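> Given next are the chains, with one letter for each unit.
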Amino acid sequence: MTSFIASLIAPILAAPAEPALPKSPDSPYFWMPTRSSTVADQIDWLFDVMVWLSVISCIGILGAMVYFCMVYRAKSRSANERVELTSDHNTTLEITWSIIPLVISIALFVWGFKGYVDLRTVPKDAMQVHVSGQKWKWSFTYANGWSDDVLHVPVDTPVRLLINSTDVLHSFFVPAFRVKIDAVPGRYTELWFHAIHAGEFPIECTEYCGTSHSDMLTKVIVHEPGGYEKYLEQAELLEQKKPPAELGAELYAKKGCKQCHSVDGSRLIGPSWKGLFGKSESLSDGSSTQVDENYLRESIVDPQTKLVQGYPPSMPTYKGQLKDHQLTALIEYIKTLK
Amino acid sequence: MASTSTTADVIDPHRSQAEDNYLTHDKGLLSWILTLDHKRIGVMYLASVLTSFALGGLFALLVRTELLTPGRTIMSADTYNQMFTLHGAVMVFLVIIPGIPAALGNIIMPIQLGAKDVAFPRLNLFSYHLWVIGALFFITSMYLSAIDTGWTFYTPYSTSTTTAVIPAAFGVFVLGFSSIFTGLNFIVTIHKLRPPGMTWFRLPLFIWALYSTAIIQVLATPVLGITVLMLIVERAFGIGIFDPALGGDPVLFQHFFWFYSHPAVYIMIVPAFGVVSEVIAVFSRKRIFGYKFIALSSVAIAILGFLVWGHHMFTSGQSVLAGTIFSAITFLIAIPTAIKIFNWLSTMYKARIHLDTPMLYALAFLWVFTIGGLTGVFLAVMSVDVHLHDTYFVVAHFHYVMMGGSITAFMAGLHYWWPKITGRMYKESVGRLGAVLVFVGLNVTFFPQFVLGTRGMPRRYYNYLPEFQGLHQLSTIGAYILGLGFLITAVSLIRSLRKKADAPANPWGAATLEWKTASPPPYYNFRTVPTIDAGPYDGYEDMVYDEKSRGYVSKASRA
Numbered sequence: 117m118t119s120f121i122a123s124l125i126a127p128i129l130a131a132p133a134e135p136a137l138p139k140s141p142d143s144p145y146f147w148m149p150t151r152s153s154t155v156a157d158q159i160d161w162l163f164d165v166m167v168w169l170s171v172i173s174c175i176g177i178l179g180a181m182v183y184f185c186m187v188y189r190a191k192s193r194s195a196n197e198r199v200e201l202t203s204d205h206n207t208t209l210e211i212t213w214s215i216i217p218l219v220i221s222i223a224l225f226v227w228g229f230k231g232y233v234d235l236r237t238v239p240k241d242a243m244q245v246h247v248s249g250q251k252w253k254w255s256f257t258y259a260n261g262w263s264d265d266v267l268h269v270p271v272d273t274p275v276r277l278l279i280n281s282t283d284v285l286h287s288f289f290v291p292a293f294r295v296k297i298d299a300v301p302g303r304y305t306e307l308w309f310h311a312i313h314a315g316e317f318p319i320e321c322t323e324y325c326g327t328s329h330s331d332m333l334t335k336v337i338v339h340e341p342g343g344y345e346k347y348l349e350q351a352e353l354l355e356q357k358k359p360p361a362e363l364g365a366e367l368y369a370k371k372g373c374k375q376c377h378s379v380d381g382s383r384l385i386g387p388s389w390k391g392l393f394g395k396s397e398s399l400s401d402g403s404s405t406q407v408d409e410n411y412l413r414e415s416i417v418d419p420q421t422k423l424v425q426g427y428p429p430s431m432p433t434y435k436g437q438l439k440d441h442q443l444t445a446l447i448e449y450i451k452t453l454k
Numbered sequence: 050m051a052s053t054s055t056t057a058d059v060i061d062p063h064r065s066q067a068e069d070n071y072l073t074h075d076k077g078l079l080s081w082i083l084t085l086d087h088k089r090i091g092v093m094y095l096a097s098v099l100t101s102f103a104l105g106g107l108f109a110l111l112v113r114t115e116l117l118t119p120g121r122t123i124m125s126a127d128t129y130n131q132m133f134t135l136h137g138a139v140m141v142f143l144v145i146i147p148g149i150p151a152a153l154g155n156i157i158m159p160i161q162l163g164a165k166d167v168a169f170p171r172l173n174l175f176s177y178h179l180w181v182i183g184a185l186f187f188i189t190s191m192y193l194s195a196i197d198t199g200w201t202f203y204t205p206y207s208t209s210t211t212t213a214v215i216p217a218a219f220g221v222f223v224l225g226f227s228s229i230f231t232g233l234n235f236i237v238t239i240h241k242l243r244p245p246g247m248t249w250f251r252l253p254l255f256i257w258a259l260y261s262t263a264i265i266q267v268l269a270t271p272v273l274g275i276t277v278l279m280l281i282v283e284r285a286f287g288i289g290i291f292d293p294a295l296g297g298d299p300v301l302f303q304h305f306f307w308f309y310s311h312p313a314v315y316i317m318i319v320p321a322f323g324v325v326s327e328v329i330a331v332f333s334r335k336r337i338f339g340y341k342f343i344a345l346s347s348v349a350i351a352i353l354g355f356l357v358w359g360h361h362m363f364t365s366g367q368s369v370l371a372g373t374i375f376s377a378i379t380f381l382i383a384i385p386t387a388i389k390i391f392n393w394l395s396t397m398y399k400a401r402i403h404l405d406t407p408m409l410y411a412l413a414f415l416w417v418f419t420i421g422g423l424t425g426v427f428l429a430v431m432s433v434d435v436h437l438h439d440t441y442f443v444v445a446h447f448h449y450v451m452m453g454g455s456i457t458a459f460m461a462g463l464h465y466w467w468p469k470i471t472g473r474m475y476k477e478s479v480g481r482l483g484a485v486l487v488f489v490g491l492n493v494t495f496f497p498q499f500v501l502g503t504r505g506m507p508r509r510y511y512n513y514l515p516e517f518q519g520l521h522q523l524s525t526i527g528a529y530i531l532g533l534g535f536l537i538t539a540v541s542l543i544r545s546l547r548k549k550a551d552a553p554a555n556p557w558g559a560a561t562l563e564w565k566t567a568s569p570p571p572y573y574n575f576r577t578v579p580t581i582d583a584g585p586y587d588g589y590e591d592m593v594y595d596e597k598s599r600g601y602v603s604k605a606s607r608a
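First to last, the sequence lines map onto chains Y and C.
When the first sequence is numbered by the working numbering, its final residue is 454 and no position is left out of the sequence of numbers.
When the second sequence is numbered by the working numbering, its final residue is 608 and no position is left out of the sequence of numbers.
Source of the hints: derived by calculation from the structure; they are not laboratory data.
None of these values were measured; they are calculated from a predicted model.
Glycine included, every Cβ here is placed at the ideal spot set by N, Cα and C.
Keep in mind that a hint or two might mislead.
[To be verified] Listed below are several chain C residues computed to face chain Y (Cβ distance under 8 Å; list not exhaustive): (1) R336; (2) I374; (3) A377; (4) Y398; (5) H436; (6) H438; (7) T440; (8) E590.
Sequences are here, hints too, so could you generate the full structure?
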């Protein structure tokens, strides 16, 4: 019993921050994250107006309630106190307390509407990045064709994201920018923002999408002037210069393989990569095959062709998503996992 | 002036309660399973709904326990996803939607109306059987492979997941008919079975609320039925209604689903408004203020509720024009809702207030529903909703209105009508303790979730960023307090059943018709058809409290 309680308390007391997780910059506001985009100010302002209206309403309504309970509390039932005869309706009052909330509602609606139109109207000169959501990772493709799992943008520049999903609904949310839009399979949605602070801000999936919905995290890196161009230039070069196995290890995390395949032997949704290369694998059609480079390549670009027995047919294809040298890198990485 | 023609039915408060009542009238299991008595049907619903509430509550405690730490605490991600889905589905479909109408409404409404039973007693029994069948499909789906789609079943996740969506969706389909038939029954009953003198504006507000709810049940639920049917067909035959790979539109599902599910939330809250109206009037010993406005505002909410479903979809890719219309109409609904709160408060002005358990719950309702309702305004504002959608802010909002609104009012009604239904008084001190624990637990659980939401914590998250842990732990502590409050209340209510059935006919001094019958009532409700010549909140000044029977009697009978 005590060890059960201890096992409950221990994780509560220890909450180490994983270094790989995106972290929001410290915010000076109680309710909201940092105001790191151009729209955040007006949205937060409107939010604050509503907080104050709510506080005033609550004090009024609940104050009246508590006051009445104290001042008009009956002594006891036996006392059979008489209630003072007051009117049981007052049309003027009804109209008044309908009109005032109505006026406030109209104001809030109009401000909200204007803000929303702003959020949905992409500036003409916006720089575009293509976003693809799939279970359970985001991937970002830049104008030069380079693809990454982290969103890089320049500060002080309007950016348009063209978003879609390759499987189920996801939703792209950047709390620090106050922007969000669903990623819908079969169509494109768009979102734009204009970042005003350099730094890193979490991106979260906010439409439930299955097992690892809460791990579908990444971040947006807002570069100081000049930083973004440098990043694009170097990213592709750096990748091609890396030893294949090292690149493969990075791609394992970036391309979402790690959501379903472990490297330590533990069974996740797909087979573990540990000791995979060279082993004899049993397939769902009863046959068996040797795991070599060709089998691995086929399993990545055409995963439904040879299914390993005992595992669900869940893997999406990576055809078109990985360049040749990236496929080679992954295969070389797998070969190192004995 | 109190209504007079029911003196034949005014039970002598000193008379022994050994007399035959609806609980003792017939014996044996079949006399319950095949009963046509609305009171017995209501009692079966009550037991079923409260059991489902305990189950859904257990799932909630497990969810909140898992959320004590980021990463794994007591269960895997898949189990967690199933847990929150089942919590939502059980609470929505098995507890809150049937809740007040089927459990309390079935028992009380016909008596309160002055009728012998509902218009279609067999249909009423069938409604209950359908509830049971629907519940069985749910439970079966839990054994096969509990659903993990969220209670909202969004496509294409729900059409592609391997969990038992079809049995669960079919359970929802069957439950829908249970709801539709109850609604139909109530509408006809209220129209056609009113006794002489019971004009529309002499109806108790509980009945106005049930009537408005019934309209929504009958008009909206068929859409849910068709929607889940389409979902089942899509999964079974891959037709391509919602699946984009086959030419379908996933967002279409959201439109269909919310077309029902938004009016559904009014099915959940409008009966609660009815209970609160009854309790506040009686425990303030004063006529309800603004009766007509409260009555008609329920109808307004019922109608407007059909026009706002898109406010659940501001970030779905829906057009700006559609979103604008939905937002505008959503603000309109806030007005009749606010009116009710002001009228209830005005009822308490210069009243004589008794703070027994039902009133404590009604006051808790005012507090918690005000917060829940106001936070709905935040979500109606389109630009702010973009930030708040699908975060814990939404979770906090709907728990404040559903848990804080519907469930608190259910508790108020349960305690208020407990002596009438069971013939026993519950222990008042424990009732009050339970109410306080529930109220505190509610706020400690859900208020931190507003902060979690605005800071960017998404909903339906098994894992979370470490910066959110403190607020999650606070919320979990609140959940345990809430659970404790309900547990104490449940134990106390069940124990009260062991006592002799000697509750007075009218312990609270109410003026509505159900209090003119014995506690518990005879199976036939009234010996003769009552004639009504006064309103439902008239005549408190003609009642006196009788110490011996611990109930109210008319001054005339005392003299």
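> Tell me if the interface restraint on T440 (chain C) is satisfied: Cβ within less than 8 Å of some Cβ in chain Y.
Holds - the Cβ of T440 (chain C) comes within 8 Å of chain Y, reaching about 7 Å at its closest.
> Measuring from the C-beta of R336 (chain C) to each C-beta in chain Y, is the shortest one below 8 Å?
holds, 4 Å
> With 8 Å as the cut and Cβ atoms as the points, is E590 (chain C) at the interface with chain Y?
Nearest chain Y Cβ about 6 Å off; hint holds.
> Does H438 (chain C) pass the interface check with chain Y, least Cβ-Cβ distance below 8 Å?
holds, 6 Å
> For the hint on I374 (chain C), just tell me whether its beta-carbon gets within less than 8 Å of chain Y.
Nearest chain Y Cβ about 10 Å off; hint violated.
> Does Y398 (chain C) hold up as a contact with chain Y if the rule is Cβ-Cβ below 8 Å?
holds, 6 Å
> Should the hint that A377 (chain C) touches chain Y count as held when the rule is a Cβ pair under 8 Å?
Since chain Y brings a Cβ to about 6 Å from A377 (chain C), closer than 8 Å, the hint holds.
> Please check whether H436 (chain C) passes as an interface residue: C-beta within 8 Å of a C-beta belonging to chain Y.
Status holds, d = 4 Å.
Violated hint: 2 only; the structure is consistent with all others.
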